[in-house]
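Throw the hints in and build the complete structure from the sequences for me.
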Amino acid sequence: MQASRLNFGLVFVKQRWLALALCVLLGAALMVARLATAAPTPLDGVIPPERLVPWDPGVRGGIPATYYRLNVMDFGAVGDGVTDDGPAFNAAIQAATAPGFVWVPPGDYLIGTIVQLKSGIVLQGAGPTQTRLLINIPNSGQRGGVEMTGSKVNVDIPVVSGYSFGSTTLELADASGITPGTLLWLYQDDDVAAMYTVDYWITDYSQYSMSQMIGVADVVSNTITLDVPLRLDYQTALNPRVQVVHPIENAGIQSLYLERIDTADAFTISMNYAQNCWVQYVESYNTFRAHIWTFYSRFLTIRDNYFHHAHDYGGGGHGYGVALADSTSDSLITNNIFHTLRHAMMVKEGANGNVFSYNYAYNNIGGKADISLHGHYNYANLFEGNIAENLVISDWWGPSGPYTTAFRNAITVNRGLSVRDHSDRPNVVGNVTPRIDIRSGPDIIIFGYPVYMGGVVTDLTDGNLVDGVLEWSGAPDPLVLPASHYLDAPPDFWGNRPWPNIGADLGTPVGVLPAQERKYLIDNNLWQPPLPLIATATGNPGQAQVINARPGETLFVFAGMGGVGSGPCLPAFGNLCLDLLPPLQYLGTATANANGSVLITLPNPPANLQVIVYRGAGGSLSIKSNVAGID
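Using the numbering used here, you'd call the opening residue of the sequence shown number 3 and step up by one each time.
Check the hints yourself; a few may be wrong.
What the hints assert, rightly or not - When the alpha-carbon atoms are kept at most 25 Å apart in a straight line, the in silico SDA-like pairs for lysine to any residue are as follows:
(1) Lys-120 x Gly-565
(2) Lys-370 x Val-514
(3) Lys-154 x Ala-100
(4) Lys-154 x Pro-231
(5) Lys-154 x Asn-224
(6) Lys-120 x Gly-179
(7) Lys-120 x Ser-153
(8) Lys-370 x Thr-205
(9) Lys-521 x Gly-64
(10) Lys-370 x Asp-426
(11) Lys-521 x Ala-619
(12) Lys-154 x Glu-251
(13) Lys-120 x Phe-297
(14) Lys-154 x Ser-121
(15) Lys-370 x Asp-314
(16) Lys-120 x Phe-77
Since the hints were derived computationally from the structure, they do not count as laboratory data.
In this text the structure is predicted, and so the values were computed from the model without any measurement.
Next up, the structure:
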């Protein structure tokens, strides 16, 4: 069946009343900012400010709108589940002009060759139920079936001065060749006394975990200005130095199903030396080591995904969801679903400044930690608003470093929340948990449970709801906590729900996360990712095709003449935010045909086009397309 057609020269007149209503809403929406904006780290009056860091994670400016470039079918992909389509994917990626996306139409694609993205290119499918990548690379080694990989220059540049906590300038021995925008890996030799409580924890792969990925904002002589402050005090005796990183940037994976059908000791997706890269609207089934593993990366966003099951759940790094390793910094893991994994969320080997928020994890295998802070001096990571079966600070491999913060999480099984192995200055505030277990932790602030089993502990015990009892020394005054430690308003996927909806100050029952609601929709075949909008013809007239809508569904079409970016949020659509910048024009509606498709024809094509579908009570489940450029 052909796609339904919409000629806006006709439809706009017929729907003038609706256009007027939408224009009024749109005018009001121009004053509504994007919801998910970073905020200075708020103080809650309980945690001393010197124990907090500012968190501003994820892709800078949010995941960008992308444009259609090429179709993998035009490069020899078959999509029959038998032919190795990996070479066709790589050919399309290399041929594509950045920025933009390579389109993977519905089908089953056998991936027998590692797919390697390049900067500025997104691998875009029609949704996890339609576009399926079946990875079978038995001899891949510890690599991803799909990779985003840059490189590092293994030449040390000594740091002369400036390497203290909070610093935003460093003096290098030689800054020649370093320019604004350069990415650096800052590291030092191991502080064995701080990192290892037993010799068994010492490994070759965990060397140099006292580290951070940093960007250069300015260079004057040999002094560089950083784009983020340092989160550790480095020591002269441990030889602080930097190495230059050449990252893959602005690449992503969206709206795909991935399954690792081999049993290689490997990952499903790996992100190595990556910056401003993302994974969104992906379902990943049956990994071996981890669904996503990151190395030496920063400003990543991993959101709105569904990770579940593994071939193996044994020790040695198997059965993980998302693992941030090797200095990965300033990344956002949010609104994901995890189940039937050994560890759903993990930080390790110097991962720092990352935020795990509003994720839903359940059915943990083997009684392990859903949220695992896996030693080797991970530090300054925020875990906020998650629902998980348990959370362990220093789950294995030695202490966690300073400033780790667990805030407003709901822990659902009796193992509860644990702090172990001399972890340094963690903050545990505002959580709802059956129990809290503290083991040998020097200088720990723990709110809401008596300390036992040894260790020197700072005597602050306020602010968690433990086994139904609010332990708060300020009673009868109410416990007052900030809504968030990294946002000043609800995240953009929150819709019209009360925010926050989890916390010791809110009591029980805890609220329902959007990720939980999405899991119900997935299980009942009711959820779809945002609509792919494919530019099929340019010039005058221009054309674009919407696919993957529900048959008979109404689509609202908008044009933007001001470029692409963080556009207005529309109250009529549950505060869903456009990616079009004003001036904007509402063009009318279109109805999806029996195949869920609409062909849009414009006699006078605008610069950019975006489509919204209204779903859910108050528009709370509304979804949007990418932006198509028709010029």
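The hints, checked one at a time:
Pair hint Lys-120 plus Gly-565 holds up; C-alpha atoms about 24 Å apart against a cutoff of 25 Å. Only pairs whose Cα atoms come within 25 Å are accepted, and Lys-370 paired with Val-514 is accepted, the gap being roughly 23 Å. Only pairs whose Cα atoms come within 25 Å are accepted, and Lys-154 paired with Ala-100 is accepted, the gap being roughly 22 Å. Restraint check for Lys-154 and Pro-231: the C-alpha separation of about 22 Å stays at or below 25 Å, so the hint holds.
Taking the CA atoms of Lys-154 and Asn-224, the gap is near 21 Å; set against the 25 Å cutoff, the hint holds. In summary, the hint linking Lys-120 to Gly-179 is supported, as the alpha carbons are separated by about 23 Å, within the 25 Å threshold. Proposed proximity of Lys-120 and Ser-153 is supported: the alpha carbons are some 12 Å apart, at most 25 Å. Our distance criterion of 25 Å between C-alpha atoms is met by Lys-370 and Thr-205, whose separation comes to about 22 Å.
Between Lys-521 and Gly-64 the CA atoms are separated by roughly 24 Å; this keeps the pair inside 25 Å, and the hint holds. Distance hint between Lys-370 and Asp-426 is fulfilled; the C-alpha atoms sit about 22 Å from each other, no more than 25 Å. Proposed proximity of Lys-521 and Ala-619 is supported: the alpha carbons are some 17 Å apart, at most 25 Å. Annotation: proposed proximity of Lys-154 to Glu-251 holds, straight-line Cα distance about 14 Å (limit 25 Å).
Restraint check: the Cα-Cα separation between Lys-120 and Phe-297 comes to about 17 Å, which is no more than 25 Å; the hinted pair holds. For the suggested pair Lys-154 and Ser-121, the alpha carbons sit about 15 Å apart, so the restraint of at most 25 Å is met. Taking the CA atoms of Lys-370 and Asp-314, the gap is about 14 Å. The hint holds against a cut of 25 Å. Restraint check for Lys-120 and Phe-77: the C-alpha separation of about 17 Å stays at or below 25 Å, so the hint holds.
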